[in-house]
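My request is simple: use the sequences and hints to build the entire structure.
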Amino acid sequence: MTKSNPGHFFEDFHVGMELRHATPLTLSAGDISLYRALTGSRHALYSAATFAEANGYDGLPIDPLLAFHVVFGKTVPDISLNAVANLGYADGRFPKAIYPGDTLTAVSEVIGLKQNSSGKTGVVYVRTRGFNQTGDEALSYVRWVMVNKRDPGAPAPDTVIPDLPDSVDPRGLSFSRAYAGWDNTLAGSAHRFGNYEIGDKINHVDGMTVEEAEHQIATRLYQNTAKVHFDGHGQKESRFGKRLIYGGVVISIARALSFNGLANAAEMIAINGGTHTGPLFAGDTVYAWSEVLDKAELSDTVGALRLRLVAVKDQDPGDFTLRGEDGKYAPGVCLDFDYWAAIPK
Amino acid sequence: MTKSNPGHFFEDFHVGMELRHATPLTLSAGDISLYRALTGSRHALYSAATFAEANGYDGLPIDPLLAFHVVFGKTVPDISLNAVANLGYADGRFPKAIYPGDTLTAVSEVIGLKQNSSGKTGVVYVRTRGFNQTGDEALSYVRWVMVNKRDPGAPAPDTVIPDLPDSVDPRGLSFSRAYAGWDNTLAGSAHRFGNYEIGDKINHVDGMTVEEAEHQIATRLYQNTAKVHFDGHGQKESRFGKRLIYGGVVISIARALSFNGLANAAEMIAINGGTHTGPLFAGDTVYAWSEVLDKAELSDTVGALRLRLVAVKDQDPGDFTLRGEDGKYAPGVCLDFDYWAAIPK
Amino acid sequence: MTKSNPGHFFEDFHVGMELRHATPLTLSAGDISLYRALTGSRHALYSAATFAEANGYDGLPIDPLLAFHVVFGKTVPDISLNAVANLGYADGRFPKAIYPGDTLTAVSEVIGLKQNSSGKTGVVYVRTRGFNQTGDEALSYVRWVMVNKRDPGAPAPDTVIPDLPDSVDPRGLSFSRAYAGWDNTLAGSAHRFGNYEIGDKINHVDGMTVEEAEHQIATRLYQNTAKVHFDGHGQKESRFGKRLIYGGVVISIARALSFNGLANAAEMIAINGGTHTGPLFAGDTVYAWSEVLDKAELSDTVGALRLRLVAVKDQDPGDFTLRGEDGKYAPGVCLDFDYWAAIPK
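Residue numbers (the numbering used here), protein chains in the order written: chain A, 1244 to 1588; chain B, 1244 to 1588; chain C, 1244 to 1588.
Just so you know, the hints here were simulated from the structure itself, not pulled from any lab data.
Honestly, I wouldn't trust all of these hints.
Unchecked claim - The calculated lysine-lysine pairs, modelled on DSBU-like cross-linking and capped at a C-alpha distance of 30 Å, are:
hint, chain 1, residue 1, chain 2, residue 2
1, C, 1444, C, 1538
2, C, 1444, B, 1479
3, A, 1571, C, 1363
4, C, 1363, A, 1485
5, A, 1571, A, 1363
6, C, 1246, B, 1470
7, A, 1479, A, 1363
8, C, 1363, C, 1444
9, A, 1444, C, 1479
10, A, 1588, A, 1538
11, B, 1470, B, 1357
12, B, 1470, C, 1444
13, A, 1444, A, 1246
14, B, 1485, C, 1485
15, A, 1246, B, 1588
Stated by the list, open to error - Cβ-to-Cβ under 7 Å is the rule here; a few derived chain C residues that face chain A:
hint, residue
16, 1260
17, 1263
18, 1266
19, 1267
20, 1271
21, 1346
22, 1357
23, 1358
24, 1360
25, 1456
26, 1460
27, 1464
28, 1470
29, 1473
30, 1559
31, 1561
Using N, Cα and C, we set each Cβ at its ideal position, and we do this for glycine too.
Below is the structure:
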């Protein structure tokens, strides 16, 4: 009997199934440094303990996206080892700040199943939760993936499609920080909540070329072991003929690029959705643009922007490319990501 | 007079000679993060403080292989700057756990010498010890290297071949952890001591392509300065015409790959031997397989597996390739490493 | 109105103008590990807490060059986003040691301006200071850059050229450490203050090939966002047609290489000047040589060497190449850097 992990196939999942994932991970200042060095992150809230403490944190926190990638990575061996595609995210939340020294553990629950008409694959919906060492829920999100069946003859399960919100209501998140010590100059922008209008599009200008070593180091930092990202020899026989960059690398680089234009929208408080609309490969240059989709009041001193973050490759982000005339994502569009960020008023 | 280090040549060594090495190094959480990001290490014992503390550690320890590479790196300027080949390892032990904040210093003693028949080179055997800041021995191993003579006419020393054990007896290591809090799910495998039989071969399935940047960053992390790993311009004139990847990088990647099939054999407690059987270059993809060579009881709750860890490149590890019909290592076999790992019963 | 940062153009600067820079950064053990892994730094003073504490530090300090790059990086969006060239440094000092946990903030003052005869560009001189979280000045230096005008028709400012010292007087730096616990063997060299003479040239022998991933990771670690280092797609249209390596990467690699010959000159205490005399690109191999320009007594137990550190690429540093017969820097010379280092007597 093989002792390596064969992963789960579509017919192995059932609604209500709980999967506790290996490996718990203690995050540290080392992860903060590496995340910055790999993504180019510059938000003051995640760079300087002084700035974070002046704005409601008990020290320098871990960037929520770093925690997200770590929790996501843990789910790969159990959820998506036999996946064909990662289809979407919804209802992502970050209820508890994470600090160096905290240990994250991840648990997923299957909340939906739908066999595809081909009979060879199906869609699995999971709600994944990350907990800290005291059992507090630190983050939570839904994702759905298309997974191969082991045996195409296995019977189809009853179809269950979870009821997912189009977007998270940021007013329901109990956001408690007052951002009392926010300093525009240190944060890097004069533009606060009131300076952004729904419909605004922001060209983040800068570009970041991604090397094989960079995305591999980042993806291992998150303990994500999906072989498409690492096995260059094996990938020669694949659809693209080469290693594919983990989508989370694209999210984090695009988010870091968005500093230039959205520096004060530093704190991601919810993920509404996200689609990896095209592959990224080593040697490609990532650019990003954002669109303000909505605004919300969180408190007297803090608002929230609902932002569409789009990553494009090897093209001017100032063209604000998203979809072609056929309604499909245009060539070179790699990411369409929808999130809420808190921003001082 | 040159002020750069010329290194020692074969005739500079004598049995009983002690070499205290530069540079002492304080290990930190930053090294733990980098080691994970560079190797793909996922063992819960070295990933999560909670898991480590539940299983007999006083916090998150440093992976013994990381400590090994750091100590090894210190010896390079004194032992192997003028080496032709690294021939073998024996009798490696890790008597004391190392934690972030500990400072490692290394000392080597020459325990054997044998001039080769050519008269141009000789084999130097050293016992190297790594100490923490309180003087406790943290690790110890023997290695032997072939070193050039400065002057082929220098007289040959008396031949002294040290008496080295074929393997370490794990029952003599005073292993004290009970692994009382071991959780298979968090550790990543249902397979414990009783599930492995002598002769079992395990295909670790996954592959890892190594980039120049990755092995260079890792090798500098260990402060190993052997120029074959870094000087691409100089290496154009060398036998391979390019940079050669440090063998320790191969050991650590193969060991990290072995998680998939041996996740519970998390703790390396002794190195019996090891041979770098072929070169690895940037762009090559490392795969690994293991063979259970022996088993031993350590306590009521913990056993040990003696494992052969083989790294191959650009070929299916499920073929379990080791030697050809001529008894020589087959092409593409990069590492034949023999160690003991503790594993819960 | 664009919300991304357009940077300052020449006519936006005036003498006496103060620029507080984003983003404050808390340095950590993670940065120490990454700096070592990216540069190959091996000085015991910045590697081992034990060694640092035995020689006058309150723990393992941050390498002054790492702090320099971090402070420099902060100035880029405000000073050199529209720069044509970085022309020089002067009067660099490190008055306060920095430790993990300290937060650096940077402030620059414009101290000189000179429009070029073309009318299209001008030279901006700034004094930049880095402060720790208690407001102590941790480092300070002058640099001057050639910056584009937005509008060539804008009037020229009055020319102000600051009075800058050719070199820092190390006796004025109040150097207070006695190096009481200096151990040559642990530090890696038998050569102390008395072993170096003015005029000595030292071949540092070793070479380091730099990969795209390495310089990008380093430059992001410093939160330096100058697009010439990252935007491979955009750089296709540039003068060199490819990404240019940040000059600070060259300084740090050359300085790390200088360990081999100058291991005891571990502590950079002042920067007298520096010129990036030629571009470095990924794939190039850096070598270094040094020349002792001057010597000074700091105390009964410590002296200082004024060192010229030269980085060359793809050529033997033992040729000590600097300038051609025409007096210009010779091809392949990348850096001519002038600094003072403390060294035990």
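Hey, residue 1363 of chain C versus residue 1485 of chain A, does the alpha-carbon distance stay inside 30 Å? violated, 46 Å
Between the alpha carbons of residue 1571 of chain A and residue 1363 of chain C, is the straight-line distance 30 Å or under? Violated, because 45 Å separates the two Cα atoms, which is more than 30 Å.
Within a Cα-Cα threshold of 30 Å, do residue 1246 of chain A and residue 1588 of chain B meet the stated pairing? With a Cα-Cα distance of about 16 Å, the restraint between residue 1246 of chain A and residue 1588 of chain B holds, given a limit of 30 Å.
Interface hint outcome for residue 1473 of chain C [beta carbon to chain A under 7 Å]: holds, 5 Å
Hinted pair, alpha-carbon criterion (30 Å max): residue 1479 of chain A, residue 1363 of chain A. Please report holds or violated. holds, 24 Å
Hint check: is the beta carbon of residue 1464 of chain C less than 7 Å from a beta carbon of chain A? holds, 4 Å
For a C-alpha distance cap of 30 Å, please report whether residue 1444 of chain A and residue 1246 of chain A respect it. Since the Cα atoms of residue 1444 of chain A and residue 1246 of chain A sit roughly 51 Å apart, the hinted pair is violated (cutoff 30 Å).
Interface hint for residue 1358 of chain C, Cβ within 7 Å of any Cβ on chain A: Interface hint status for residue 1358 of chain C: violated (27 Å vs cutoff 7 Å).
Is residue 1470 of chain B close enough to residue 1357 of chain B, meaning Cα to Cα at most 30 Å? Judged against 30 Å, a Cα distance of about 25 Å means the pair holds.
Would the hint on residue 1561 of chain C stand, with a C-beta cut-off of 7 Å toward chain A? With Cβ-Cβ at 31 Å, over 7 Å, it is violated.
May I ask you to test the interface hint for residue 1360 of chain C with respect to chain A, counting a Cβ-Cβ separation under 7 Å as satisfied? It is violated, given that the least Cβ distance between residue 1360 of chain C and chain A is near 31 Å, above 7 Å.
Straight-line Cα separation of residue 1588 of chain A and residue 1538 of chain A no greater than 30 Å? Holds - the C-alpha atoms of residue 1538 of chain A and residue 1588 of chain A are around 12 Å apart, at most 30 Å.
This entry does not satisfy hints 3, 4, 6, 8, 13, 16, 22, 23, 24, 30 and 31, going by the numbered hints stated previously.
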